[in-house]
Amino acid sequence: MRNVGIIGVGYTPVFVSKRKDVNIAELISEAVDAGFRETNLKPEDIDAFTFGNMQTFEGLNMPHLWASDHIRALDKPIIRISTGGTTGMSTLQAAYYYVASGMYDVVMAVTWEKHSEGDAQVGLSGIIIPEVIAMVQSGMDLAGGRGVGAMGGGSTGTAAYQAMSYLHHSGADPEHIDKMAAMERSNAAKNPYAHLRKETTVEDIQATPFIAWPLRYGHTCPTTDGATVCIVASEEKAAKLADQVAWITGLGACASDPCTGNLIEGQITDPAEQEPCCIASAKALEMAGIEDPKKEIDMCEMYDGFAHQSLMWLEKTGLCEVGEAHKLLDAGELEIEGRIPTNASGGVFSTNAIGTSAMNRPAECALQIMDRVEGGHKIPKKIKNALAHGWGGMFQYVTVMILSDTPRKLYPDGR
Amino acid sequence: MSESVVTNVVVPMNFPYNYRVGQYIETYIRGLGEGKILGIKCPSCGKVMVPPRKICGVCDRVMEEWVEVGPEGTVENYTVGHVRLNLGEVERLDTPVLLALIKLDGADSLLAGEVRGIEPEKLGDGLRVRAVFKDPAGDSLSDLEYFEPEK
Amino acid sequence: MERKIAIVGQAQVNSGDVGMPRERLLFELVKGLFDQLGINRHDIDNYLICSNDFTTGRTISNVFEDSPIGAYLKDETKAEVDGVLATTYAMIRIMSGLYDTSLVVSNCLGASECRPYLVMDYQLNPTYDRQLGILNELSTAALQARCYMDTFGMTEGQLDETAARLLDNAARNPDSLPSNSAVTPGDVAASEYLYEPLRQLHCYPFTDGACALVLASEEKAKELTDTPVWIKGVGDSVETNYLGERDLARSRSTKLAGERAYGMAGITDPAGQIDVAEVTAKFASQEPIITEALGLFPEGSGGDVADKGLANTDGDMPVCPSGGALGAYAFAASGLVRLAECFKQLTGTAGDTQVEGARTALAHGQDGFCAQHNAVMVLSREEV
Numbered sequence: 002m003r004n005v006g007i008i009g010v011g012y013t014p015v016f017v018s019k020r021k022d023v024n025i026a027e028l029i030s031e032a033v034d035a036g037f038r039e040t041n042l043k044p045e046d047i048d049a050f051t052f053g054n055m056q057t058f059e060g061l062n063m064p065h066l067w068a069s070d071h072i073r074a075l076d077k078p079i080i081r082i083s084t085g086g087t088t089g090m091s092t093l094q095a096a097y098y099y100v101a102s103g104m105y106d107v108v109m110a111v112t113w114e115k116h117s118e119g120d121a122q123v124g125l126s127g128i129i130i131p132e133v134i135a136m137v138q139s140g141m142d143l144a145g146g147r148g149v150g151a152m153g154g155g156s157t158g159t160a161a162y163q164a165m166s167y168l169h170h171s172g173a174d175p176e177h178i179d180k181m182a183a184m185e186r187s188n189a190a191k192n193p194y195a196h197l198r199k200e201t202t203v204e205d206i207q208a209t210p211f212i213a214w215p216l217r218y219g220h221t222c223p224t225t226d227g228a229t230v231c232i233v234a235s236e237e238k239a240a241k242l243a244d245q246v247a248w249i250t251g252l253g254a255c256a257s258d259p260c261t262g263n264l265i266e267g268q269i270t271d272p273a274e275q276e277p278c279c280i281a282s283a284k285a286l287e288m289a290g291i292e293d294p295k296k297e298i299d300m301c302e303m304y305d306g307f308a309h310q311s312l313m314w315l316e317k318t319g320l321c322e323v324g325e326a327h328k329l330l331d332a333g334e335l336e337i338e339g340r341i342p343t344n345a346s347g348g349v350f351s352t353n354a355i356g357t358s359a360m361n362r363p364a365e366c367a368l369q370i371m372d373r374v375e376g377g378h379k380i381p382k383k384i385k386n387a388l389a390h391g392w393g394g395m396f397q398y399v400t401v402m403i404l405s406d407t408p409r410k411l412y413p414d415g416r
Numbered sequence: 024m025s026e027s028v029v030t031n032v033v034v035p036m037n038f039p040y041n042y043r044v045g046q047y048i049e050t051y052i053r054g055l056g057e058g059k060i061l062g063i064k065c066p067s068c069g070k071v072m073v074p075p076r077k078i079c080g081v082c083d084r085v086m087e088e089w090v091e092v093g094p095e096g097t098v099e100n101y102t103v104g105h106v107r108l109n110l111g112e113v114e115r116l117d118t119p120v121l122l123a124l125i126k127l128d129g130a131d132s133l134l135a136g137e138v139r140g141i142e143p144e145k146l147g148d149g150l151r152v153r154a155v156f157k158d159p160a161g162d163s164l165s166d167l168e169y170f171e172p173e174k
Numbered sequence: 006m007e008r009k010i011a012i013v014g015q016a017q018v019n020s021g022d023v024g025m026p027r028e029r030l031l032f033e034l035v036k037g038l039f040d041q042l043g044i045n046r047h048d049i050d051n052y053l054i055c056s057n058d059f060t061t062g063r064t065i066s067n068v069f070e071d072s073p074i075g076a077y078l079k080d081e082t083k084a085e086v087d088g089v090l091a092t093t094y095a096m097i098r099i100m101s102g103l104y105d106t107s108l109v110v111s112n113c114l115g116a117s118e119c120r121p122y123l124v125m126d127y128q129l130n131p132t133y134d135r136q137l138g139i140l141n142e143l144s145t146a147a148l149q150a151r152c153y154m155d156t157f158g159m160t161e162g163q164l165d166e167t168a169a170r171l172l173d174n175a176a177r178n179p180d181s182l183p184s185n186s187a188v189t190p191g192d193v194a195a196s197e198y199l200y201e202p203l204r205q206l207h208c209y210p211f212t213d214g215a216c217a218l219v220l221a222s223e224e225k226a227k228e229l230t231d232t233p234v235w236i237k238g239v240g241d242s243v244e245t246n247y248l249g250e251r252d253l254a255r256s257r258s259t260k261l262a263g264e265r266a267y268g269m270a271g272i273t274d275p276a277g278q279i280d281v282a283e284v285t286a287k288f289a290s291q292e293p294i295i296t297e298a299l300g301l302f303p304e305g306s307g308g309d310v311a312d313k314g315l316a317n318t319d320g321d322m323p324v325c326p327s328g329g330a331l332g333a334y335a336f337a338a339s340g341l342v343r344l345a346e347c348f349k350q351l352t353g354t355a356g357d358t359q360v361e362g363a364r365t366a367l368a369h370g371q372d373g374f375c376a377q378h379n380a381v382m383v384l385s386r387e388e389v
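In the order they appear, the protein sequences are chains A, B and C.
Take any residue in the first sequence, count from 1 to its spot, add 1: that is its number in my numbering.
Take any residue in the second sequence, count from 1 to its spot, add 23: that is its number in my numbering.
Take any residue in the third sequence, count from 1 to its spot, add 5: that is its number in my numbering.
Worth double-checking, as some hints may not be accurate.
[Said to hold, decoys possible] A few chain C positions that, by computed beta-carbon distances, are all more than 10 Å from chain A:
(1) K9
(2) F32
(3) N45
(4) N67
(5) E81
(6) A84
(7) E85
(8) A91
(9) M125
(10) D155
(11) D192
(12) G240
(13) D274
(14) P303
(15) T354
[Stated by the list, open to error] Here are some of the chain C residues that sit facing chain B, going by a computed Cβ distance under 7 Å:
(16) H47
(17) Y122
(18) L123
(19) Y133
(20) I139
(21) R151
(22) C152
(23) Y200
[Stated by the list, open to error] In the PhoX-like style, the derived pairs of lysine-lysine whose C-alpha atoms are separated by at most 25 Å in a straight line are:
(24) B:K77 <-> B:K145
(25) C:K9 <-> A:K43
(26) A:K241 <-> A:K284
(27) A:K410 <-> A:K385
(28) B:K77 <-> A:K19
(29) A:K284 <-> A:K295
(30) B:K59 <-> B:K174
(31) B:K174 <-> B:K126
(32) A:K43 <-> A:K238
(33) C:K260 <-> B:K70
(34) A:K19 <-> A:K241
(35) B:K70 <-> A:K43
(36) A:K43 <-> B:K59
(37) A:K296 <-> A:K241
(38) A:K238 <-> A:K385
(39) A:K284 <-> A:K296
(40) B:K77 <-> A:K21
These aren't lab readings, by the way, just hints derived from the structure by calculation.
Glycine included, C-beta positions come from ideal geometry on N, C-alpha and C.
Working from the sequences, and respecting the hints, build out all of it.
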């Protein structure tokens, strides 16, 4: 196999609630243009495209077909990847495989979401509509189905169970969720590509109402319009095309059962168990040759739709011990100047155009490694290895990527 | 006592979407309101395309030059529809609907439209047609209501 | 190619009403395939689901499909594209060296659960074509058919012959829809017009379908089967979505996809080197357009091919001995079925639809209106 690196990232000029001035295809084209501008590449330099967004949220089936002109993919190979919240990283992983396999040299991974044109919570609830209606029609008592109750508040309903379980197992207090929320929102204030950009205090967060205990409104992510592209290249091509490269040195993906169970038997999996995260992370770290992630990973970008999640993911990815994440938070280690800056960008928690959410994680790591961060969320120390994390499905999919400043050392057998 | 088993449930999915058409289709719709069909010209290949869009994917160029085309044009391809699709269901029609791909005068692409006022057997390639606009206009794509044979 | 990769097994279902939930359908299909190969879910190191949420009617439709197919705590991803392209991605994942075995699986209950024409409506540009309601799955196909027939002088009678050949083939294929029966061109001509020139029997039937393939690296393939079918070349290409800017009588993207696959596979004379082709022609009128773009027949020869029976199973260039998409078409799964049918042909297990001595086969899949995005795979029993 071949080494693969990210040679450029392109964002839409802004990530906001409603882009009323452009349609979906035009929105995507802005990120594609930015990707070309950042890398000084032209469409003819791109061998193939991978493309992803959340299924059905905008009521568009296979939108890459409509957007083929706008993303400059005419006459090119293109594949649509769609895995729920993890879509962004799954799309980038597809681009990785396209290049690592030797099939193509330069691939553009395109992700987007224009939440303002649909309804994310309606879309998410659509996952279980057939089950719920089947239950009602067969006379089942919905109050007995804990999974259905969990879905009552859209995704926040289920996340509340997860937050409860996390607090229970880690020994963290609800105030730690407030603190994490305030830290990430304040990070986002420094990032010109973040959506909710406001310096925020713990008191600000605590002034917001509860949605489902222990989660407050101030613990939840926004819905955002935006698009992101990453351009990846083989080692040989990267040497010719780019001055700075963020190397993809490890990757993993893992699926589990839906954490709400099958809704007939009720909740069968603890939504905070997140075994796929442990598996995917261990695989990615091993591939990257990282023996002690607690020491060797210099920053991380976690997929946190809710403020408790970054803390939970730190423990599940192996970047700290179980029960340690909130202590690192208290010690200031998760801040931009800390030992393991966590979501310096503000995270999904501050910017959530879902299709891009799991792509912006490795994209932000890449920008930090390549020293191309625009804005005050630049991490002052040198980044050698970064961990990016994606999460999706019904609490059951996890993707992980390790990005590094030097190319990966292949296994002895050439893999 | 027989056991009752639910084998099938019908779940009509009807989610509301609110699509922004973007500035290109907006300009196009405003043009229709004034009885004009506006195409967009690629600065590189020079082709005039209707409906308009931002980017010529072949030339990798942003298109900005508006060109009025039609309202007359020539049928280049057509079909006589004996059915229509209503939310994906096939419904037979008593009177066939005539659909055509029309090259508007001054345009390089073909525009899909309905043709009225002609017998189905007389619809054919090369037929000259003219756009009929809705009066009063309603700020919508259907302000270009249909095409009829040129008199 | 750095690594040789083979398809080692296939399983498929095509039905007018499969009569069970998709989860059970997938479980039985995949478990059956594992049993046939003598493996279990731990022998598969990456899972690829290829299905479409609009056919399922739910977001992230794979959430309930992972466990039935054995992907619990495994590397799983989903491609919302046609099966041939999804299989290309599975192949690429093995090519990277990080995996040895892939399962690709797809399902679509297009007969009993969703309305395929409505699923296609959701592909229309929502800011223009979907608002106007002029273009849809059938009207676009009719315009494409008319364009080809007018450009190259193919008659409606010849289109009926093409459809009758495919439906006849399908009736001989136990894996196609059970309701298929042998028909004559007269029967096709007697079916009702939808959008002229297309009649009911020129169009794909609504199908509950599912298909699974197992792909493996060279060493694994040889462990798993004595008859691996090697992937020799792949290619795909997309063209513009704006129908009024496309030449509908020809398929630019199929041609490019074919050229890419041929280049990889070392095919210089497609008609001479390919023994059997399974193409995804959702409408009888698409078959000449696609096969000509692939260089299997000269441009504009659709009428001639129909009259002379050149695409017959015993003809010069057999096309869709399985009956193709006219026999059964389940969104996305159909591409996997094309590959599965090629697998049957090359392993000599195609029964009454067998093309004698087939050694090299071509599978084609498509997405979009008038086949906007096309993927091609060349397969062979020859290892080198």
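Do the hints match the structure? See the list:
The claim that C:K9 lies off the interface holds: its Cβ sits roughly 13 Å from the closest Cβ of chain A, which is beyond the 10 Å cut-off. Residue placement check: C:F32 keeps its beta carbon more than 10 Å from all beta carbons of chain A (closest about 13 Å). Every CB of chain A is more than 10 Å from the CB of C:N45 (nearest about 17 Å), matching its label as outside the interface. A Cβ of chain A approaches the Cβ of C:N67 within 10 Å, the least distance being about 7 Å, so the stated non-interface status is violated.
The beta carbon of C:E81 sits about 4 Å from the closest Cβ of chain A, which is not more than 10 Å, so the claim that it is off the interface is violated. At roughly 6 Å from the closest C-beta of chain A, the C-beta of C:A84 falls inside 10 Å, breaking its exclusion from the interface. Distance check on C:E85: its Cβ comes as close as 4 Å (rounded) to a Cβ of chain A, failing to clear the 10 Å threshold; non-interface status is violated. At roughly 8 Å, the least C-beta separation between C:A91 and chain A is not larger than 10 Å, which violates its mark as non-interface.
At the 10 Å boundary, the C-beta of C:M125 falls inside the reach of chain A, the nearest C-beta of that chain being 8 Å off. No beta-carbon of chain A comes within 10 Å of the beta-carbon of C:D155; the shortest separation is about 26 Å. Annotated as non-interface, C:D192 keeps its C-beta farther than 10 Å from every C-beta of chain A; the closest such distance is 33 Å. Once the 10 Å rule is applied to beta carbons, C:G240 is inconsistent with being away from chain A; the minimum gap is 7 Å.
Listed as a non-interface residue, C:D274 keeps its Cβ farther than 10 Å from every Cβ of chain A; the least gap is roughly 24 Å. With a least CB separation of 23 Å from chain A, C:P303 remains clear of the 10 Å interface cut-off, as annotated. Distance to chain A confirms C:T354 as a non-interface residue, since its nearest Cβ pair spans about 30 Å, more than 10 Å. With a cut of 7 Å, the hint placing C:H47 at the interface with chain B is violated, because the nearest CB-to-CB distance is about 34 Å.
For the restraint placing C:Y122 at the interface with chain B, the shortest Cβ-Cβ distance is roughly 4 Å, inside the 7 Å limit, so the hint holds. At about 3 Å, the closest approach between the beta carbon of C:L123 and any beta carbon in chain B falls short of 7 Å, and the interface hint on this residue holds. For C:Y133, the shortest C-beta to C-beta distance to chain B is roughly 5 Å, which falls under 7 Å, so the interface hint holds. Taking 7 Å as the C-beta contact cut-off toward chain B, the hint placing C:I139 at the interface holds, the least distance being around 5 Å.
For C:R151, the interface hint holds, since its Cβ comes within 7 Å of a Cβ in chain B; the closest pair sits about 6 Å apart. Hint on C:C152 holds. Least Cβ distance to chain B is approximately 5 Å, under the 7 Å limit. Contact between C:Y200 and chain B, as hinted, is supported at the beta carbon level, the nearest pair being about 4 Å apart and thus within 7 Å. Taking the CA atoms of B:K77 and B:K145, the gap is about 37 Å. The hint is violated against a cut of 25 Å.
Restraint check: the Cα-Cα separation between C:K9 and A:K43 comes to about 33 Å, which exceeds 25 Å; the hinted pair is violated. About 30 Å separates the Cα atoms of A:K241 and A:K284, which puts this hinted pair outside 25 Å; it is violated. Simply put, A:K410 and A:K385 have alpha-carbon atoms about 14 Å apart, close enough for the 25 Å limit, and the pair holds. For the proposed pair B:K77 and A:K19, the alpha carbon gap of about 19 Å is at most 25 Å, so the pair holds.
Between A:K284 and A:K295, the direct Cα distance comes to roughly 15 Å. Compliance with the 25 Å bound is thereby established for this hinted pair. Restraint check: the Cα-Cα separation between B:K59 and B:K174 comes to about 19 Å, which is no more than 25 Å; the hinted pair holds. Restraint check: the Cα-Cα separation between B:K174 and B:K126 comes to about 17 Å, which is no more than 25 Å; the hinted pair holds. A distance of roughly 14 Å separates the Cα atoms of A:K43 and A:K238; the hinted pair therefore holds under the 25 Å criterion.
With a CA separation close to 24 Å, the supplied pair C:K260 and B:K70 stays within the 25 Å bound. As the CA atoms of A:K19 and A:K241 are separated by approximately 39 Å, the hinted pair breaks the 25 Å bound. At roughly 21 Å between alpha-carbon atoms, B:K70 and A:K43 fall within 25 Å of each other, so this suggested pair holds. In summary, the hint linking A:K43 to B:K59 is not supported, as the alpha carbons are separated by about 36 Å, beyond the 25 Å threshold.
Of the pairs offered as hints, the one joining A:K296 and A:K241 is violated, with about 33 Å between alpha carbons and a cut-off of 25 Å exceeded. For the given pair, A:K238 sits about 22 Å from A:K385 by alpha-carbon distance, which is consistent with the 25 Å threshold. Note on A:K284 and A:K296: the hinted pairing holds, with a Cα-Cα distance of about 17 Å set against a maximum of 25 Å. Restraint check: the Cα-Cα separation between B:K77 and A:K21 comes to about 15 Å, which is no more than 25 Å; the hinted pair holds.
Violation of the numbered hints given earlier is confined to hints 4, 5, 6, 7, 8, 9, 12, 16, 24, 25, 26, 34, 36 and 37; the remaining hints are satisfied by the structure.
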